[in-house]
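Participant: Read off the chains here:
Number of protein chains: 2
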Amino acid sequence: MSTQKQTIKPSTYVGKKLKIIPLSGLEEVGKNCTIFEYGDDIIVVDLGLMFPNEEMPGVDYVVPDITYLKKNKNKIRGLIITHGHMDHTGAIPYFMKELGFPTIFTLPLTAEMIRVRLEEFKLDKKVMIKIIGPDDQLNLGIFNLSFFRVNHNIPDSVGIGIKTPLGIVIHTGDYKFDHTPVDQEPTEFHKIARLGGEGVLALLSDSTNSEQPGFAVSEKKIGENLNSLFDQARGRIIISTFASLLSRQQQIINAAILHGRKVAVSGYSLEKNLEIAIRLRYMNFPKDIFIPIRAIGDYPDHKISVICTGAQGQETSALGRMSKGEHRDVQIKHGDLVVLSSSPIPGNERSVQNLMNSLFRLGAKVVYNKIFGVHASGHAYQEEQKLMIALSRPRYFIPIHGERYMLERQSDTAVSIGVPRENSYVISNGCVLEFIEDTNPAYVKLALANRFTNHKIPVRARVAAKKLPSGYVMVDGLGIGDVGNIVLRDRQLMSQDGMFVIIVTVDNETLDLVGSPDIISRGFVYLREAKDLLQETRKKVRDIVKDHTSVGRIENWSSLKTALRDEIGTYLFQKTERRPMILPVVIEV
Amino acid sequence: MSTQKQTIKPSTYVGKKLKIIPLSGLEEVGKNCTIFEYGDDIIVVDLGLMFPNEEMPGVDYVVPDITYLKKNKNKIRGLIITHGHMDHTGAIPYFMKELGFPTIFTLPLTAEMIRVRLEEFKLDKKVMIKIIGPDDQLNLGIFNLSFFRVNHNIPDSVGIGIKTPLGIVIHTGDYKFDHTPVDQEPTEFHKIARLGGEGVLALLSDSTNSEQPGFAVSEKKIGENLNSLFDQARGRIIISTFASLLSRQQQIINAAILHGRKVAVSGYSLEKNLEIAIRLRYMNFPKDIFIPIRAIGDYPDHKISVICTGAQGQETSALGRMSKGEHRDVQIKHGDLVVLSSSPIPGNERSVQNLMNSLFRLGAKVVYNKIFGVHASGHAYQEEQKLMIALSRPRYFIPIHGERYMLERQSDTAVSIGVPRENSYVISNGCVLEFIEDTNPAYVKLALANRFTNHKIPVRARVAAKKLPSGYVMVDGLGIGDVGNIVLRDRQLMSQDGMFVIIVTVDNETLDLVGSPDIISRGFVYLREAKDLLQETRKKVRDIVKDHTSVGRIENWSSLKTALRDEIGTYLFQKTERRPMILPVVIEV
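Protein sequence lines correspond, in order, to chains A and B.
Sequential numbering from 1 applies to the first sequence in UniProt numbering.
Sequential numbering from 1 applies to the second sequence in UniProt numbering.
Copies of the same chain are indistinguishable here, so a pair counts whether it falls within one copy or spans any two.
The list that follows gives simulated cross-link-like pairs (lysine-lysine, BS3-like), each with its CA atoms no further than 25 Å apart: (1) LYS466 to LYS333; (2) LYS365 to LYS386; (3) LYS70 to LYS17; (4) LYS16 to LYS456; (5) LYS531 to LYS561; (6) LYS122 to LYS575; (7) LYS467 to LYS324; (8) LYS575 to LYS540; (9) LYS386 to LYS191; (10) LYS467 to LYS75; (11) LYS287 to LYS262; (12) LYS456 to LYS191; (13) LYS466 to LYS17; (14) LYS70 to LYS467; (15) LYS333 to LYS467; (16) LYS73 to LYS130; (17) LYS97 to LYS575; (18) LYS466 to LYS324; (19) LYS272 to LYS122; (20) LYS531 to LYS546; (21) LYS220 to LYS262.
Everything labelled a hint here was simulated from the structure, so no lab data went into it.
One chain only, chain A, in its complex shape (with noise of 0.2 Å):
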């Protein structure tokens, strides 16, 4: 982060302060939540959950700290969520109850897709979720909330105006400006640019793409690509996408029906998601078009298109099923085209080869977007960053939505075109950016100085020396939160050298060994081919055990399991220079 020169001496406390904090979505791509909060009033953009790293195996879902805002929940005057993308969305269930049940407040589609979820949970009758129109004006407590369209691969994407005491706020959601969007909703470029000419305070804006020089591509060249392939194929075309890319499943029904072919679904989410823009009538096909995928036998080849999960290579989706010859109503063999429309999510490379290879193996032909442009982002590249910075032409800059190094580009980025380099936030989750208006001559002159932005109020800005709470939770199974770094530093020490557990039994009166100590081990050599390194072991402990009841009673057995932890760990390095997890056990009888 830049060192903010603080030479100016502050007056003493002028107004309230307002504070901006992204609690969460700056250290990873994923769980998005930001707090903004004046006096007694908070307001918290999106509550997104995120996919495990490698680093936390077994873990199902990574969500956002939200200890400040129960804390603080009779201070929530809403829940505003940008968009239906579980990255924004998907840690609602499970903090509802917690936070009092704040009030939803979202655009058509992104409400539906909330309540099914919600519903999953048995939790849509307690929450209440408020409809709004892009167009709408929230009154919040002490916040004006006005909204403006942003094209994303989903529709009813936005962005939001947060008009405060000190000036604008502007939070872009995951945003990309594409002049020809599938769902013919263009940005609304004149809200934006109209906040800007009011003066913008800050602007929060999406850095996924911050690495990526140029514009994305638009969501029409992608269904003109998808199209020539079904100009070109003669068997089955097998896509696979994201779920939640809405708009890619509607470019490629849009493809099946342009060409005549039937489609199937598969994918529980995928289906789940179809159903919902169908029936809420984000998309309109002809009722004939979907066949049910155990029917596609029915059908030549060249009449079947299908639509499923797996892209990024997840063994038990449908295309991952398939690809291991397990999927019970698609068999993939020669003359199929399998497109894997999306990109690997970092951390998915390897599995999306693996899936690839396999696909080869069984006779498809695979295109995916290195070599053919079937996915298009849904995030903003440099120059469209540039132009979203341009039209808010904030005071001060904080990219959100990314991992530091995302962050730090776009803070480049945001240098590069004007945005003074102390002006520009890069934090991290949990940081308190405070402002507050101070009406110090200083201050005064130099908000007059930026000539980059619209925003006049004399401020002081400064990073509040405490961070809140902003760890990772983990959601594992039922547990929210129970799986710490303890259990996960245990289950990765058993994946590397397994484990060994050593159970000796003891006469109580006579110190003497019950029968053979017991070893029970899993993943550290496969015992029936050990017998020798067994037997040496037993009489190991055999030896150590003698020892240290030959001293006559002890109270309790802690050195007799340490020197077991030792010795036989150390032995066992000694012979196989690997490391099991050593856990001895005594039993007393």
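Keeping the supplied structure of chain A fixed, place chain B upon it in accordance with the hints.
Facilitator: What follows is chain B alone, placed relative to chain A:
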């Protein structure tokens, strides 16, 4: 694979078979090894290792399955190594003894790198390494070998022309065409073209970059870019690259010399490789350019450059330790420029991003290949692959070195410039490709009809029905091949939801439970916060034991163990939706 049309009726057997067996390296990037066999003569090209993927937790390396070579070790006339990278040399120490210590033939730098590694295994006295020059000819049994220099990112890289009774076979090794290479040794195009003129039966060609259109970037361009970074930097420059990228290290040191900076080196493998290259005079520097890493504090920041390992984000590497504040001699600070002069190996993206995030947080500026050209691949892009094929004009094409999807891409490239689809063999590890001379007029006609090649010997080709053993052989600590699927599966299972050992002690007279059941669990739940769950589980265990012992004496405890595993498993899943590995132990006293 394209199925070759075999409508011609083969004559009776005419000559001996030539077998080309890509034993390994066709389903991965790494562990390259190819076998050529004719009659009683075998030569082996390369014997590399591969780094494990995330499905092999705890494994150190993966090496080829050499079962076939062991069985035929008396036929082996030599092991030829194309260059000094570990994916071509790394398995040598593990297998020399089992292969009967075949003579190794290779160029000087490669020879020394292999020798130093054999020294670590105390094998250097036992293995004969014959140093060859690129213009040497080598007669190994029936085979006559010649060599041609190629460009790669380590000096002394060669491709091989193998004269066999059925025509010439070319093995490219790892290659690119760089007209301005750092080691000043251009590709010997004329030798490849001469072989092409004589008639090439088959070309085995590097597929690593077969997805990339155009030409690979020249190392010279990278040198220029590094120089421009040195021009701009005011503080320390810390550059991380692969230990084996000798050409890159050369360029970094050149830039340091030009800019009056000292060079400190950190990282064991890097120091070792540099030492060899300098000792053999592959690099020449003023003596005083290097300073010990512990001495960097003695110079002003703008006089310092550091070359280190860790660009892949490896936690224990030099840069990895710097990024965590754990390096003894280098503390990253504001003003440092860190350059990642490499690109992430698939699967390492996550760790590289974590590395960058940490470095940014410490105040460093981080430059990496995605935002500025600081790395060039050592492998041919599509246009270079075309040129290799056009120069050698092979009758048969066999893409090697790469995963299935990469091989498929290069096969498409070969077909696009004239190789008949049915002559391009995309095969798997261990496939035996057989060539037999057959003077049946139909074969003669076929050979003459193929205008793409100068190879006119009538042959028939086929993939033998039987594949050689070619699975993963895993090296874990001292064990080679003893970690198999069972051990790996257990490691994976335990890493997902941990394990849960239930120990019940039973009086073998009364069949009563002695004391309370012991439970040892790791990686499942945090035990201190799960007292109720443990309490309940113990109670359930007692009930299950009572049920099973109430029927009186039983012969073995397997039904009790099964009951414990199933019922406790179900119970824990109900309570947590996690499935730890459950290991019941019954102790009779």
